[in-house]
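Trainee: The listed protein sequences correspond, in order, to chains H and C.
Start counting the first sequence at 0; every next residue gets the next number (numbering that gives the first Met the number 0).
Start counting the second sequence at 0; every next residue gets the next number (numbering that gives the first Met the number 0).
Errors might be hidden in some of the hints.
Intra- or inter-copy, both count: the list cannot distinguish identical chains.
[Unchecked claim] Below 30 Å or equal to it, Euclidean Cα-Cα: the simulated DSSO-like pairs (lysine-lysine) are:
| no. | residue 1 | residue 2 |
| --- | --- | --- |
| 1 | Lys287 | Lys377 |
| 2 | Lys89 | Lys178 |
| 3 | Lys125 | Lys258 |
| 4 | Lys84 | Lys377 |
| 5 | Lys34 | Lys117 |
| 6 | Lys27 | Lys377 |
| 7 | Lys178 | Lys269 |
| 8 | Lys161 | Lys269 |
| 9 | Lys191 | Lys439 |
| 10 | Lys84 | Lys269 |
Please keep in mind that the hints were generated in silico from the structure rather than gathered at the bench.
Quick caveat, the model's predicted, so the values are computed rather than measured.
Residues per chain, in single letters:
Protein chains: 2
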Amino acid sequence: MKKADVVILGGLSGITAGISCQRHYPDKKVVLVRKEGTILIPCGIPYIFGTVGGPENNVIPDGLLESNGIELIKDEAVSVDREKKIINLKNHEQLQYDKLVFATGSLPIIPDIPGVEKENVFPVRKEFDYLRDVLDKVREAKNIVIIGGGFIGVEFADECRKNPGVKVTVVEMQEYCLKIAMDDEFCDDAEKKLAEAGVKIYKNEQVIAIRGNDNVEEVELSSGEKIKADVVILGIGSAPNSTLAEEARIELGYRNGIKVDRFMRTFTDKDIFACGDCCTKESFFDGKPSAVMLASVATAEARIAGANLFSPVHHNSGVISVFATIINDRAFGVAGLTERAAKANGMQVVIGEASAPDTHPGGMPNSTMLKVKLMFGKNNGIILGGAASGGKSTGEMLNVISACISHRMTANDIVLFQMGTHPALTSSPIAYPIVNAACKAVLPLSGSD
Amino acid sequence: MKKADVVILGGLSGITAGISCQRHYPDKKVVLVRKEGTILIPCGIPYIFGTVGGPENNVIPDGLLESNGIELIKDEAVSVDREKKIINLKNHEQLQYDKLVFATGSLPIIPDIPGVEKENVFPVRKEFDYLRDVLDKVREAKNIVIIGGGFIGVEFADECRKNPGVKVTVVEMQEYCLKIAMDDEFCDDAEKKLAEAGVKIYKNEQVIAIRGNDNVEEVELSSGEKIKADVVILGIGSAPNSTLAEEARIELGYRNGIKVDRFMRTFTDKDIFACGDCCTKESFFDGKPSAVMLASVATAEARIAGANLFSPVHHNSGVISVFATIINDRAFGVAGLTERAAKANGMQVVIGEASAPDTHPGGMPNSTMLKVKLMFGKNNGIILGGAASGGKSTGEMLNVISACISHRMTANDIVLFQMGTHPALTSSPIAYPIVNAACKAVLPLSGSD
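Using the sequences and the hints, build the whole thing.
Mentor: So this is what it looks like as structure tokens:
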């Protein structure tokens, strides 16, 4: 029987867990097991359908494994015998482990809509050949309907519309697209950018039926309206892929994620760890269960899991949740809590907002107006979240905000933040919007009201 | 006699000091005195000569003063009577103050080179009409020689070369351009980009004479070589503009900067403050005097000075020094200490380095290879500095590093950093180079060697 010190089951976060383990324990033999031949960059999947032009341009190179001394077995794990510490593989022999890591990710949720099983109705599976087929259909399509106006839905819409001669429609059940992710004013801006790109958006609407013969032909909305569709994309979210763990009698938690502690150890078995979309998460802010699924969170958890396999090194302080997206060339993103989420949790907050061109002078080429919103606890001034929209630098500005959150900086700390600036790269030092948003929050914080 | 609660003398940081004061003390009357009619964005000055096309496109709008209720007096302060708390103006009546802020900036250093007084030899003065004239000469020039390969020199070179038919040469006395600012490997990359753009660089060379009749015609180097020049730009640095303060018997410190405490108060007079290039600075890292002159530091100091005028609010924890530049479309920058500076101070450090495309996949449009170097104290793992080069997001990545420095994060903290990522905006979460550079530093830090 083949033996390894560490066996990792899964994709993206599995690679990072393996690299982290090898860094901390270079003498251990690490094997990664996954059924996919070629693994895709998950956040890049929507861009297959427009900007990058195909799944072959969105691949995570296996060289990363090789250069880190991690053996790859392309096979499906069908069961785990925890007593014997053995994994049964579909095509290969059994595999004995000392430590096991679940990095099995998530699977798309298939909504319970009549007709959802018809041809050309596609959930977003992270599989190379499958997405190649979806791309072929998207390229032939005249009418694409996307069910769900969250991130995946909106990114698919913005990419699919780049194919010539296609009409793209998004159907969102909430009053705004991206409502779970962003505050109203940013959702509003994002929808305008999407509409400017020619995408039709239905809100406060549900798809109640998907119709056609074998192939989808139209979708029917709760309002009674019918929309032509030769392709339907299901973008309504994902659920932890935890079946194998459950079958091995490993305890599951919130939303059926594999239940882990702060060291990324399962609650059930001290030799079994989990990381990424397949496991439970807690909020950095209040410790409550979090449904966030982000590749950046998954890899951060993977670094912790890999380091802790043989000796505790790191602990997980919980999900801050930092993300960005691009809609019709404008970037949007949030780090930490939105105002909506904070208020829903009964938190008292103070908001500071500022705008500035992301160059100085604003007449530099490719200058884009940046908008930043920061939120602080009313009683202690500690930053709870920030949102930004703007140009290419928006992604890293959210990371500035994330750094401030992770060290619990106050509005006063951020007023004194020593940013670097450059005419072509950032806002001016007078107008730098992260600092100016904090300045605007300081006085309401220290006031007597 | 005209009276004001607060009189501010100066330019860029004066505006920020005024805004900060008005925010904290909305009932106080604030007057800004400066002799310049139109004030320029200082960091944008090199870009007048290429990208933005003229000083009229690089102006700080006076509307900022108006909208913040700050009165502007365009006049020159000729003396300060500290006992009577009166400023004598050149053209207007006297001005009485309760609190006074020096934000008088810096003046270019004129090197002691024979011929430096000739026509068409230009120090970089921050004056509108003067720079308009320099631009006219630059546009007519066939051969431009820039003395000094620091930031200003290199940025001028990269912009001047964008004018058709001109030959641009930089003369640097050190073994590398930008040597004070960056470590060797980044200097080397920067010089290559400059050379690719057609700029000729002389290193380990000094200009010993500037020759010509009235107009400059050539410069002679210490090696004996002579270079044709119809325009010479002097980019060898600036010195605090502290003459007026000195004449008012206010104590000066390092490099003749106005000596201030952590509250930005002068040592001499509790009602007189100073901020920006005109005052002394201390390093965040060891409290030693710092010669750094950056608009971002000046505005941070101005926010502190303005807030502290009537009651202590903030204190200055010292200069981190964060900057970025662009050379031939590649961005370079440093936050905190360079390896060279740390070692010169006898610090024992551990370095971590990582590279990755600034998009994921790397095949996204406009993807640029990012390079990040982080430096940590060997004994405590606390971050001391970071350098980056790459594309448009480099400026904000340096601000991520600055946030990490300001809260004294360790390499272990940064390993766990929850960055947000997006295919078009950032590196992949597996490869995010700030985190990966920290990962590489962690083991040498915790090792026994």
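Trainee: Of the hints stated earlier, which fail here?
Mentor: Numbers 2, 4, 7 and 8, in rising order.
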